[in-house]
Amino acid sequence: MSDTSTEYDSDIEAAIRANHPALITYITAGDPSLEDTEAYVEALDRGGSDLIELGLPFSEPIAEGQTIQAAINRALAAGTTPEGFFELVEDLEIEAPLLVMTYYNMILQYGGSEAPRASEEASGQRPRAKPDVRPFVERAAEAGLSGIIVPDLPAEEADPLRDACDDNGLDLIFIIAPTTEGERLDAIMSRVSGFAYVQARLGTTGARANVSGATHDSLARLSKYDVPKAVGFGVSEGDHAAEIIEAGADGVIVGSALIDIIASSDDPSDAVDALEAKAAELKRGARRGAETLTDDPEDTPEPEQP
Amino acid sequence: MSTERERDDEYESGGGTFGDYGGQYVPEALMPALQELEDAYERYVLENEDGFMDEFRERMRDFGGRPTPLQRADRLSERYDREIYLKREDLLHGGAHKLNNALGQVLLAKYMGKERIIAETGAGQHGTATAMAAAHLDMPCEIYMGRTDVNRQRPNVYRMRMNGAEVNPVEAGSATLKEAINETMRDWATTVERTHYVIGSVVGPHPFPQMVRDFQAVIGEEIRDQIQAKAGRLPDSVVACAGGGSNTMGTFHAFVPDEGVDLYAVEAGGSSLEIDEEEGMAPNSATLSTGTDGVLHGAMTKLLQAGDGQIVESHSVSAGLDYAGVGPELSHLVDIGRVTPANVDDDDALNGFHRLSRLEGIIPALESSHALGYLEEEYETLGDLVVVNVSGRGDKDLETVLEETEKRDLEAAPEIEVFDG
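Those sequence lines, one after another, are chains Z and X.
Start counting the first sequence at 1; every next residue gets the next number (the working numbering).
Start counting the second sequence at 1; every next residue gets the next number (the working numbering).
The set of hints was computed from the structure by calculation and includes no laboratory data.
Hints are supplied without guarantee of correctness; some may be wrong.
[Said to hold, decoys possible] Restraint-style ranges between C-beta atoms, simulated for each label pair:
1. Z:D239 x X:E166: 33 to 39 Å
2. X:K230 x Z:G79: 56 to 62 Å
3. Z:D270 x X:E274: 39 to 45 Å
4. X:G51 x Z:S264: 33 to 39 Å
5. X:R358 x Z:K130: 45 to 51 Å
6. Z:S265 x X:E278: 26 to 32 Å
7. Z:E87 x X:L234: 37 to 43 Å
[To be verified] Short derived list, chain Z residues pointing at chain X, Cβ under 10 Å:
8. N73
9. G169
10. R201
[To be verified] Taking beta-carbon pairs under 10 Å as the criterion, some of the chain Z residues facing chain X (in silico):
11. L34
12. E64
13. G65
14. Q69
15. R134
16. E138
17. A141
18. D186
19. L293
Even for Gly, the Cβ is constructed at its ideal location relative to N, Cα and C.
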């Protein structure tokens, strides 16, 4: 795992810039069990992931499509808890920095009146204080996470979490939708750190057969901001990754296509090799896109590697 | 409708918050749509641009059947030895207060140039009202409804389809209102540029809680005028059932500044007020009474949730109250002591249903039956002049009532089995 230091310094931005074009992979923690997730994350790391998003499951995932919703349901049925999630993060031995993707209520409720210790099971009801983002962020930093992404937290409501992340050296990643323009875009980009998550199309997450034209428009709108841009929502194959990098992205984000592999494995351990192979395919695709860019003098490539 | 009264905006700050509650917690793709809706709400609803509110009120009168009566309930008054009045929202077109909001929002969507209407529904009353409003205003309409609710509210499914709406059953989770809202939000996130989502209660991200309340506030405004005309004064208490809270806020809003009027929000106590965290279930929907603060479906409000933040499945014999959240404004009014949260269990609600049916010849919705159950339990504390909002009629609930009554030994129930066939 990457170090966490009290001084703000983006492991995530560094990882994306150093490994350009970057592959960012997502799976849901606890699907189908936390033990399997550990093996899967390590396989994604070996396969060439430059950054790994790990979903902390929430019962009402309104931004997700059916694939990730099903993964979340499996993880919750397996008894995945926030504390189990953090312990998994502490156990992982990987190169890539890790970020947690979860919904705002999970962040608000963590710890209740006092943060539970690792050994403390969710037994009985604690007296509940007003919701507070800090116990979650502090625990995330302690566990070794590098950033947080919250699909139901727009920039307008994010100042408490932004402050807590700054104080704990964590990046806060925001999603840029095809509908995000003008002043809103400026407002979000002034709060983002690590990278901008570019939503390839309207709708929810889920693997699609092709890359949307909205991706090109979004990347064009974002070109003036000096933050890495990674594109997700619908990316499932090496060719998509190539196309997205060719369109000017610094990275591609893949989730549902990996979860499809997990969901279709008869034995959970069968998925490990397939996940590693899929990550490698996606990374190769991304590299191919970058090569096409540098081969064509008409196109100006996105930021040079540091 | 009352003369222009000063709105009590003391607790409404900018950005649609009520004290600690409200806000906009939605995926980024929806934020521009909320901004667009907020602008339209301010222009058309608050400022009556292009005569929007005039058209809305005219349509509510001619299509909707407003004003609805405030009826003195003679036998209930005799039973409880005090003056009991019923606000007859069951007599509104479609059979529930839901039309006030649905017609307002569909008309607003039309003014905004949207091409398509989507909505979620629990008991089907909001879906029915939306389907009727969409047919009336010639807009295509799709309704999401949990599979469990499709099965227990079939008459409303038929009515929606009769009015030309597509009904999409949702299979996830407990397949009730919470899941239907999730699915409608997903549809909206995909089609937001041309679609308006008609949220069915005073829940969701700003401006919905405030806007829906304003469309529903006509209930309380009428009660205020009608009770003064009939009884010569304001009531001592106003009682309304609360699920998401749209009829509750609609009934209470005009009375919030009147400190002498006690406001009771009656929730579904279900079979127990305890939460089973192991099973992720609350056998009740008593969010104001037992919930804790958190974020669900776009707003900070009181929720039924487990200690780690997972939303639990709620329960009520009434599909229309079966929801793990509640409107943020109600959460705030409860916190500051202006609204008293209360609850009655499934049995008392069913008794309320049978009692009103037999004593007054009014078959109330199971939602409203909770308010009537509370009246029976607590009338001695409610003062001499009490208004109960009958938020809807109970035709849609007959199958549920027959089935649930047969299982129980209910004091107010008639002999159900004698009319079996």
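(request) Output the numbers, in ascending order, of every earlier hint that fails for this structure. (result) Violated hints (numbers, rising): 4, 7, 9, 11, 15, 16, 17, 18, 19; every other hint is consistent with the structure.
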